Each structure stands twice: as structure tokens, then as C-alpha cells.
Amino acid sequence: MEVKGKICLVLSLFVAVCLVSATVSLARSERDPVGVCKLKCEEIRGAKQDEKQECKQTCERYHQDKQRREREGGQGKERGHTGGGSGAGSGQYNIVFADIERELREMVGKCHQSCQGSKGEQENPECFRTCMEQYSPEQGKRRGGGGGDTRSRQMGRQSGREFGKGQQLNNPYVFEDHHFTARLESEQGSVRVLQKFTDRSELFQGIGKYRVAILEAEPQTFVIPNHWDADSLLFVAKGEGTISLINTDSRQNHNIKRGDVFRVPAGISAYLINRHANEKLVLAKILHSISVPGELQTFVGVGAGNPESSFFNAFSNEILQAAFDIDRESLETLFGQQKQEQGMFKKATEEQIRAMSGKEESRTWPFGESKGPYNIYKNKPSVQNDYGNLHEVDSNDYPDLRDINVAFSLFNITQGSMAGPFYNTKTTTVFVVADGVGQFEMACPHLSEQTGGVIDTVPSYEKVSSQLRRGTVVVIPAGHPIVMEASGEQNLEVIGFGLNSDQNEWFPLAGRDNVMSQWEDEAMELTFGVPANEVQKVIQKQNKKLFFKGPVRRGRAFA
Amino acid sequence: MEVKGKICLVLSLFVAVCLVSATVSLARSERDPVGVCKLKCEEIRGAKQDEKQECKQTCERYHQDKQRREREGGQGKERGHTGGGSGAGSGQYNIVFADIERELREMVGKCHQSCQGSKGEQENPECFRTCMEQYSPEQGKRRGGGGGDTRSRQMGRQSGREFGKGQQLNNPYVFEDHHFTARLESEQGSVRVLQKFTDRSELFQGIGKYRVAILEAEPQTFVIPNHWDADSLLFVAKGEGTISLINTDSRQNHNIKRGDVFRVPAGISAYLINRHANEKLVLAKILHSISVPGELQTFVGVGAGNPESSFFNAFSNEILQAAFDIDRESLETLFGQQKQEQGMFKKATEEQIRAMSGKEESRTWPFGESKGPYNIYKNKPSVQNDYGNLHEVDSNDYPDLRDINVAFSLFNITQGSMAGPFYNTKTTTVFVVADGVGQFEMACPHLSEQTGGVIDTVPSYEKVSSQLRRGTVVVIPAGHPIVMEASGEQNLEVIGFGLNSDQNEWFPLAGRDNVMSQWEDEAMELTFGVPANEVQKVIQKQNKKLFFKGPVRRGRAFA
Amino acid sequence: MEVKGKICLVLSLFVAVCLVSATVSLARSERDPVGVCKLKCEEIRGAKQDEKQECKQTCERYHQDKQRREREGGQGKERGHTGGGSGAGSGQYNIVFADIERELREMVGKCHQSCQGSKGEQENPECFRTCMEQYSPEQGKRRGGGGGDTRSRQMGRQSGREFGKGQQLNNPYVFEDHHFTARLESEQGSVRVLQKFTDRSELFQGIGKYRVAILEAEPQTFVIPNHWDADSLLFVAKGEGTISLINTDSRQNHNIKRGDVFRVPAGISAYLINRHANEKLVLAKILHSISVPGELQTFVGVGAGNPESSFFNAFSNEILQAAFDIDRESLETLFGQQKQEQGMFKKATEEQIRAMSGKEESRTWPFGESKGPYNIYKNKPSVQNDYGNLHEVDSNDYPDLRDINVAFSLFNITQGSMAGPFYNTKTTTVFVVADGVGQFEMACPHLSEQTGGVIDTVPSYEKVSSQLRRGTVVVIPAGHPIVMEASGEQNLEVIGFGLNSDQNEWFPLAGRDNVMSQWEDEAMELTFGVPANEVQKVIQKQNKKLFFKGPVRRGRAFA
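Chains as they are written, first to last, in my numbering: chain A, 1 to 559; chain B, 1001 to 1559; chain C, 2001 to 2559.
There could be a bad hint or two in this list.
With the Cβ distance kept under 7 Å, some of the chain A side facing chain B (calculated, not the full set) [as the list claims (entries may be wrong)]:
| hint | residue |
| --- | --- |
| 1 | His178 |
| 2 | Phe180 |
| 3 | Gly336 |
| 4 | Tyr461 |
| 5 | Glu462 |
| 6 | Lys463 |
| 7 | Pro481 |
| 8 | Pro531 |
Because the hints were derived from the structure by calculation, they are not lab data. Model, not experiment: these values are computed from the prediction. From the three backbone atoms N, C-alpha and C, an ideal C-beta is built for every residue, glycine too.
Model the full structure from these sequences, guided by the hints.
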């Protein structure tokens, strides 16, 4: 108990790492969790020297336990961790370290969340300690041996269930709140950016240039002009606003509302207002970095709150005076302003809002082919029945999607219903839950395991699953079958960004138009090993397309 | 001798690694050969503790010897190993480890092959030990000092010759049987996939997304429906069959025969039959991964032999019941079948074959621009004479090649003849030997070496060469001159997949239309340092194009 | 002083590494500076054993001091080093090592340059030692604490100023002479290639396939035929010549002169003459590698000076005899020539020059869409005023630029004037100073720093700056604002290669057409926090476009 208290103490430090630190720290900790752990021991305020020493030993011990467990779990388990990625270009140990660290951070994140929410475990240390004990390596091992659902082979799945959340540890496909970092933030709004996909797993190398971000602006808020070194595709998840794109000799004002898809090209300076008096404006964005893969830089010339936040102020005074042909005093008036509290999100007056909205301007448009936003509700859903509907937009509908190679979809799954199983042929889809609660299941191939020295030369699959709630991000690689299910109480609305969407198609695996329905009778016989008419009977029973009545569940499933 | 016996024992364990283990193990062993070696010592059945201990010491010793040899060989030698790749992003030690490990594996592979063939060195331990001794570091060093052909500077070249195989150690451009891994396999057929190019050498970063695979199906065999997360370009090297591609509302059946090129887009579900009563169906494939670069996943819904091999079975029972709208029993009938021996390759009856073949269907084709397979023999050879012929297909002939950016060629070199020297301007070409025996030589630039502290500021080249036989895969980077030569007994047939083929051209370096024939006289004089007419006399003598009468060789050259 | 003398000795060894060693050595030293340092201690000629020992200890000590300084500098500083790149795929320590090593090399390079120029510090050891002391970690720390310009936060900036060069240490954006390596060189000319961008910093991953090279040929010089595994875009910075591209059945001769842009496709064999009797021919090149990203190979068939420098000589004699259908003697006549002094650059006679120039041939052109070189002065400047002018060429003007995805520009900034601030939306621009002296300033975003545990959630920027002189190469990433300024004595001419130029635009940030001029009044008020008319007054004052009168400077600024 003494040691576990210490573990708790040590681990609690990871909360800080996880929730407050910048990307660089995370990158380091993923590579040397023990080192970071020890460093954190040193930093405990008020701790005596021998307490720090014990803390460090706990770091070592925890790590060794963890590694032993990994080893005992055997190769198959390790493979399970890394999924299909054999980790070219990254040492074996890095993979193991990264796994441990990822697991640690997720454990801590969960306990943190369930014990309090916003300011760390200090508020309820007992809860946190108990929670962490549930997840400690020893416990994990014991629970892992408990069996139950023999089909599931992923470590920690049962424990996940016991924890009442239904999410797996070591599941790199799911991202929660704590995987986002606030890049810009003030009382009037925020831009939160999801961690780099490739920082999470090497499985995401194919989408390493893309990032996910969520912008939220309070009612009657102005977001000051800025440009990014990334192409941005935004979806208006909530609210209404006006976005203005600046060219050297013109400006484009566009009113945007819920359901609009809009592209802001890299480097184009833009400002934004939430016109609404009471409602938040929420944008879900895919950013496609154009400079360093997966890295994003924001450029703000003026107004972000303090002098260092203006790129103008990085230049010498002489240079600025010469450029603007003015004296130092005038320069100071504009660029030398003192700290402002509001940062990049400014409270605007009703008059200012009124003046800037309404006057939509659509002169010649130099950026890309489109003339403005595209509303996803403009066309009929591509699939619709009692159990849900699907809206889709691709580059044929909205040519601006072509450059960034992203397609867009919106799933609305009726409460108590489900979508799929289906898969996409080419895109890796990033799903962002816009509203509701539910869960998903994905079939994930993993490398074949040695069984007594003999290699299986058939593929095998395991289930990856998680709870879905507003803000959850799930990444589904190309080819992987998936089911999404809404809870019984609420519709589930999920935004889908299909990355690398060129020539993508999706195929249903059950219900109307499922791929099996086109097999020849002989193919059915040979594949199933039973007469074709028996197969037909089963696969023709379900006559809905894509959206179905959900399974009967005991209520606690979506607790 | 005692120690060498141990070395032999130790090394023999690498045979197992090389031939039976999965990719992950290989990846690990490439990074820590000593660690793997010791691990294997632990696993020797029936060995006593002190024997294991001695085994481990041998691992260390072998490694140290090896490293010392590398060091003594000096920097030039190390550069030779890595060719033109200076190894950005990979530590120096990783390169050295990888080299040692690669050499070890190739040594073992060769000895294994020459001493038995299929089941390991146990069958003839004396042969294997003697063979390995020939290659041990000490031996290698002695032989390496022997000189002989002063033009060749690549380590181990002489020893290669002595071994009677004509292949160089440390030659990352050549792949043999043991570089393939069976991904799907049963008595009725197999899909063998070549290791990732980038696992072999950093030189192959430019083609890291591509993989090579060989599918073989026995006569009258059905390959069950499946899809891959990779675009696939297949060439029918042997036999005839029918391939069926599945869409949601249609199916395309295509008869394929020797010489056909055909593309199966990523994610498209397909099944295949070998229609022939006696002949094998052999497909050579280039796969272009679309998700994780160089990683391939296969998706099989049902029929692969056991429940874990169905992606349907990764989903919860409740989910599947809801999706198919059926009860648990019906579900079990289809998806819960017990182990089948046949895996993904099923023996079909004559009636089943007959029912599924012949009815070629070509309705509207939603996948890409083409209407079906393209036969390489359809057009006349682009080059043809007594010494060989060359067929070529590019995206102008077959638009489906455009997306995957691959061009296709087939060299048929008459026995006793040769093709080249020539080079490709843009493609890196993957040659797969379809039939016959021969050899190739390539001129390979290497980094200039310090000679007494002075850097050469002219380029220099070394020969890379190897035997060719059915199944050998050779990678020739863009710009590198190459010659392929058929043995005196048999024609040599080589399939060429030109990767990154956009705007590629090939240029002959001798014979008709060679690039020198277009030089101005003054350019000849200045370059050769002799009068232009003397040059002309030599370069105009050979009047054949690309294919020439081969050199006079002593018979044992292709032993 | 004793220790510092040793440091000096040790560091002087890095000069050799920096200036004479091949890429592989550099790559290694970037990963283990201490190891390399110690290795170099071993190699000191004439040193006694205990001197070597002390040398090695100094290596350790220097490294530890350096690391401690890094640590004490805190996370913010480390971030500063790596700029926006969080270093995915590379360990923290590698980054730190690389930083130390880079800094070391730059320190040594500078001292080397200022103390002598060409053959090392032996010539003036006292100067070198004093110079190095200025830069030693202890000194750097002391100076760094000195403050002064509170706006600049980059370590060593003040010290840079004190050193009288105006360049920052740890500035990965600037490349000087010592970052080039001679690849081909003789008395008649040279090709110098800039280090790989990604060897310098992970920030340059997005342009990792591109390399910069400078070709210089003496008057009346012939460059023998060769091909590269890279697409080459060349700009004639000086002189005039004739370039000949070889096809199998044709040849294209093109006269080129100052201002010409020309593309040589990968793999196309070409030769070149400097036709002029007295003037050098200077080409600035962007090379786009097509095989291994960032790696370049040159292929020369014959004439480069010694037998190893001919790719023909890498083939067996039997093969060559068969290919050319000639006997061994004739073969020797052409390919077996003895060492020539001239290498790839040959002194040509007036008659040879005359025979090869003038006869421009423009038959059907099989390589790309263009018909020959494009002269940048052909069209009017896109911007021109008293303070400078800008010429631009993109793929609309010259279709050959499309494949290589590069745009081209030429800035001519009048003495005492400046260009910018401006930024490019999409390209990362590689500027090569063709003539003159000046300086640049860039606003560079850096990761927000922790201040007392609170994270800034607004961006912040720092100045990156350096002297510019002929041959300086500067890389400006997309989106980054930049100013270039000419000295008062001489016009500044800068060549700009815009990499990844598709759909790029540039925006002025001051003067006519600056992006702020299109903001609505309310946007100005909300952003600046002052009435719009006050803002307008300032931003409308400067009415020139892009080029402005430079700032008033004390003379020593460009010393």
C-alpha cells in the first residue's frame, strides 16, 4: 500500500505531463518514460531527499514489472500492441517504451477523469489511488487471466469492461479530450489541436500530414486575422458565423452555418466572427500541413495580446519603421500595445457584429475553384431509413476538397440503432463525434501468432472497441470493417473526414447491397462450406441498407 | 573446431529465424543480433546450462570478431555496405548491426540451401558446418585479402565466386527465396510476400510503399473472397484462371491467361479460380500499400479455416445478430464453422470450375478506366532480334497502370545471349525471374573514398552481380546501368515492374541507338582523349539493339 | 587556459571533419559528437599518450558542460533549437547531440574562416584559440545573460553581434560555404553540393527530396557527358554556354546565358561547354532526387580521369567485349585509359568550342513540354520601383517547372533598400545570394514556453537573421514573414527557388497591397484596439510595393 501510494504519486505527475505540457515534453516522455518519471520525482515540491529517492526506485520497479509482464505476455501480445505495424525505422525498445508510456498516460487520464475532472487528483487522492491500483501491472495481469469472452484477445479488454467505460487500454485508434492541446485559448474561445497521429502510433504514418482541431468561439466573438502553414477543411458543427478571407486586393466574406463545409487554403489570412447572440460557434477542422509533416504554425501579425505574439515585432524597429515609412512613435501605437487579456478571441459589440455580417461578397475568387461554403444538407442523404441517415460530400460536389484529398461525411444514427458493418476501400477515416453517446467496434487484423512453433498462414482479427461521446475521435484505417452504434437514449451524430479519399468507395458487409450478395453460388458453397441457398437465406434476411435496428443491450452498456 | 561447431549450432538457429519466423522477429533480430542469438541459445532443447552459457559467449565472440573486421576494413568498406545511402534517421550502429545480421542470414541461407534444401541443416550437419566455416569472419578476412580481380572492390566478392554461386554477400539488391514469407498458405496454394524493401536497405526508401508477392494456386483451386489495403498489379506468369471483382451491385468476371496484366484496386473484394485441370496458376504481383507505407493487411470475411480468421467474428454476437437480423443459431451456421484444413485455397470440383468460368461479364466497370486485363503479347515487341525480345506496357497502353505509377516489361533473353548494358531514367525496376538461369551485372556508384586524406572528386563505380534463377528478385535503381545474361542452356525470362514510372525512358549504352552515337565529334575527342573516328569505329561496330550475343564463358559460370 | 588550449586543439579537428570529410563521417559525427571527438584525439599526429588522454577528457568535459547548459537553459531553450519540429522519429538525445554538434561545427567554421581562410588554424593558432574562447559554453552562458535587446530571445544572438558577423548560432536556416561539399572538382571547374536539408534540421522534412548545387566552369571548358538520378533545374547566374541533351536518336543543343532557367530531366545524359574566352560559367541548381530522397548519384561512362570513374569499367571484360562486339585491345583503347588530371572538366581548344557552339538544334523534343531555356528577363518584372525589382517564372510561363514543382524568382534589391516584409503561402523558398552583401530577418514562430507552470495559449515569434553575401543560402519556410536588405554599397541580387510551388502566392505585409489594407474597419478596431482611422493612417503611409527605402544604419552593420 505504501508502494502503491508512491506509484500513485509518481503517476499523478504524468497527469500534469499529459494535460498541461507541450508537445516536446510528450515526445520526450514517449521515448524514456523512466527518465521522465525520475525527473518528475525530483520536481515534487516539499518532498524530502529520501522520498525522492524512493519515488525514483518506484519508477524503475514499475517499469521493470511492466516489461516483465510484456515479456511473459509473449510475442503475440507485443504484436497486439503495435497492431499491423512492424515498426520499421524505430527500435524495438522504443516501441516497448512507447507502449508502456501510452498505457500509463491512458490509465492516468482515465483515473483523473473519473475522480475529478479538471484540476488533478489532489482533489480526491483516495479515489485516484484506488483507481490506479485497478490498473497496476500486477492487477492487470491477474484480471487478464480471468477470461470471459474468449473471442477477445486484446489485453485489458476485460478490465476495461470492469471499469465501466468499455474502452480498451492500448487502443491507439481512439482519442479523448486529453489527447487535445489548447493552442489558442482565452475566455472568448479556443482552438484545441489533437496530438500528431504519428506520435500516437506508427500505424498512422499514412496520415501523418493531417491534424484534427476543434475551434470554439463564444457568442458575439471576433477571431483576429491569422494564417496557418496548413490547408484547413472546416465543418460547422454548431452555430453560425462569418468568415473573411483576405487577398492583396480583395476580401471574401462568407456566412457559414451548421452543416457547411469550407476550405481555407494554407497561408491565406482569415478572420472569423460568431454572429450569434447566444449560441457557441463550433468548427471541426482537418488541417493538412504543407511544411513540416504534421507540424502546424499559426501566424498572427497583431492583436494577440502581447508584443511577442505579433510576428511584426520579431523584426527590428529600424526595419519596421522603414517598411511602414513611419516614425517610432506611430509604430508603437499600433504594434507596441500592452498585454490584452482577450488573446485571439475578442468580445465584439452588437454594432460591430452587425457591420461585419450580412454583407456576403463574392467577387472573383482567386483561391481554388469553389465559390464559398458547401452545405452538407444541400443534397439528399446518400442513405436514409428509420435507423439513420448518411450525408456525403466529395470533390465532385465541392472541388475545393480535391487538393487536400479529403472527403466528408455525416452519420446520423437513430437512438438504439447502428451503422455497419461496412468498410472504406481507400480512405483512412477520422470520425469525430459531434453529438450523442454510443460505441464502435472495429475488426483489426493482427500479425499471425506462433502456436507451438507453427505459423498460422491465415489472417486473424481482433475486436477494437470504445465508447463514443461528444468529442471522441476515432481513426479507422482503410479496409477495416466497422460498426457504430447509438445508445438507446439519444441519436449519435458523427462527422467523418475521409483522408486520402481519391477514388474511395465504401462497401456494406451486411444488409442490402452487401458485397456477398454478388457472389456466385459456387463461390458461396466453396467459401462457406454449406449449400448456397442456405447462405442466401441468411444474407438476404436483413433488407435495410447500412443503418439497422441496434442489438438488444442491457442498459449499463453505455453507462 | 569445438568453437566452430558451436558457431554452427548458434548460426543454425538463425535458419529458423530466417525461414520460419514472422516479420516482427526479423525486425527485432535486425536490430539486436547478439540479443536474438542469446535468446536462441536459451531455447536449445535438451542443452545443459553450461552449454547454453557457452553458446551465449559464442554469440558475443562472433559479434566482436565481426565488428573488429568491419572496423579494420575501414570506412570505405562501411560505405560499400550502405551504398549511396548515408543513413539519415538511422544510427550508425543500427546500420552495422543490420549489416552483420543480413550477412549472417545470407550465409546461413546459402549454406542451408546448398546442404539440403527444405528442412534445415539437421539433415546434414557436417555439410552445414563446413559451409559456415568457409564464411566465418576469420575466413572471410583471409579470403578477402587474396585479391584477384582488382576491379571489384566489394567485400566478399571473391568468396562468392569460390562458393560457386557467383553472388555477393552484402548485396542488398538481390532477393532470394528466403526473403519471402508465406502469408497465406495451404496444400492448394500460397501467397508469399517479399520482405519490405526498406527493411533490407535504406537505399530503397523511394520504393518503400511497394511490395512484391507471388501467388501460386494448384490446379482446380478456388481462392476465397478477400480484399487488401493495397492496390495490386498482377502479371500472369503461368497458367490460366478467372478472377472476379465484387461491387455492391455488380460483379466482374475476367478470364486471365499467361501474359495478362491486371489491376485489382485497393479494398475491392475479389475471388479467383485456377481453371486448369493440371497446370499451376502463378501470379507475380506488385502491391502498392495505401495505409501504412509498405505494410499489407488482408481482409477475409469468412471461410479461411477457423473463427479467428473471419473479420465478422471480431464483432460482438449481438452486433452480428442485429446486422444480419437473424438469431444466434443461423449466425453460427455461417460464421461459426469449425477449423477447415484448406485455408483460403479450396479444392474445387470440375462442375464448380465449369460453372464459374467462361461467363466473362463486362458490364459497366466502376473501378478505374480499363475494361479488363491487358495481354503483354498483344502488341509487337518493342525490341526484337535473334538474341532476345522485349515487351513493354505502360499507362498509355493500359490506363490502370497510371494510379499505381508502375510500368511493366518482359525480357526474353535467348540462351547464350545478353541484354544491355542499358539504364532507366526514372524508374526503379523490380525484376522477377520467371524462368531460366543467368546472371546480371550492375554498375553501382559508391561514395568516394579517402585515399591518404585526399578526397576523390570524381565518381567511382563498383560491380554488383548475382546469379539469376526462377524466383530471384533484383532491384535496379534509376540511372544504374545493368546487363542481364542468359545461360547457354536455357532462355532467360524476366518480368520487370518499373516503379515510379511516370515519364521514364530507357537508354542503351552499347549497340544500335546507344547514347554515345549522338555525341558531337568534339565531345568524343574531349571525353575519350582520342580522335573521334577511333571512337566511332568502336561504338558503331555492334549493330544490334539491346540484345546481343553473350560473352564466351567457361561452362561452370552458371553452375 | 591550459584546458581551453586543449578545447581549441580538439575543436580544430572538427574543422577537418567539417571541411574535408565525406557525408558518412558527418552523419556519424552528428550522432555521437563525443565519440568522434575522442576518435580524433587518437588521430592527432605526434601527440603523446597522456596528451591524447587529456584530449579525450576534454571531449567529455566539453560535452557535459554543453549538456548542463542546455538543461539549465530549460525546455524553452531546447524548443528554440528545434524550432517547430517536435522530432518525431528521432530520440531527444539525438536532437541534443545534433544541436551541440551543429553548434560546434558552426563555431569552428566561423573561427576558422576569420582566422585564416583555407588551410586550418595551424596558420594562426592564437587567433583561433581566442576566437573559440569567445564561443565556449561558459562564455556563451555569461554573454547570454547580458540581455540588451529584450525582443530577441534566441540564444547566442548577442554573441553573434559581438562577433561582428550578425549571424546567429543555432540558426538552421542559413547555409554558408562550409555547408557545401565538392562532388566533382578539377582545375577547370567544380560542382559543389549543399548538405542534405534534413541532415541540418528536421524542420526541413518537407523539402528533403531537394538539394542545392553550384556548378562553376572556367572559360573554354567542356564538362563531359553524365547523367544524374535527379531532376535538375538550373539558373545561369553568370556567363554563357551551350548545353547538349542526348536522346537515343537525337541531340538537343541549347545556348544558355545569364538569366536562363533550364530543366535537365533525371537520367538524361548531357554535356556542357563554357563558350566564353574569359568569363566563368556559374549555374545555380535545384536537384530533385527521384530514387533515395535527398541522395544524389552521378553517372559517367567514360573520361572522368581514371578507370574506376567509368561505369563501363564496373562490368566484366567479357561482358563489355560482347556488348561492343570488339576485342579486348580496342576496348582498352577507349575505356582503359590512364589517369587524366582534368577529371570531368576539360580545357577545350577554341576550335572545339567554335565547332560545338552556335549550332542550336531544336528538333522534336522528347523531354517535357518546353522547347528550351526560358530567360527570366523575357517578361517585365512583376514588381519594380526605385528600390528594387522582382522577376518571377512559374509553370504557367515555363511548363517544365511543373513536374519538379518549383517556381523561380530573382530579387534585385537596390543598394540601401529592402524587400518585404512579405511571406509565401505554400512554397518553402531557397534563396541563393548571387551578388552583393546584405542581411535578412525572418519572424519564426516557436513553441510557447511555460512561465511558472502556466502555458501561453497565444503564439509567439522570434527573429532569425543573418548576413547575406555571395553564395549564402537561406531557407524560408511557408508562411514565415521575411525582410531582405541590401547594404549601402552594392545592389543585392538573390535567386529564389520556390519548392512545392503549386498554387503558391506571396503577400506583402507592409506598403501597397498589404493584406491589412483589405480588412474591414471593425476588424481593425477589434484587432488593434484603436479606432480604424488611426490604423489606416499608418498602414497607408507607405505607398511603394514590396521594395522600400532601407532603414538608416550605422556603417558597421554589414561589416
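Unmet hints by their number, sorted upward, for this structure: 1, 2, 3 and 8
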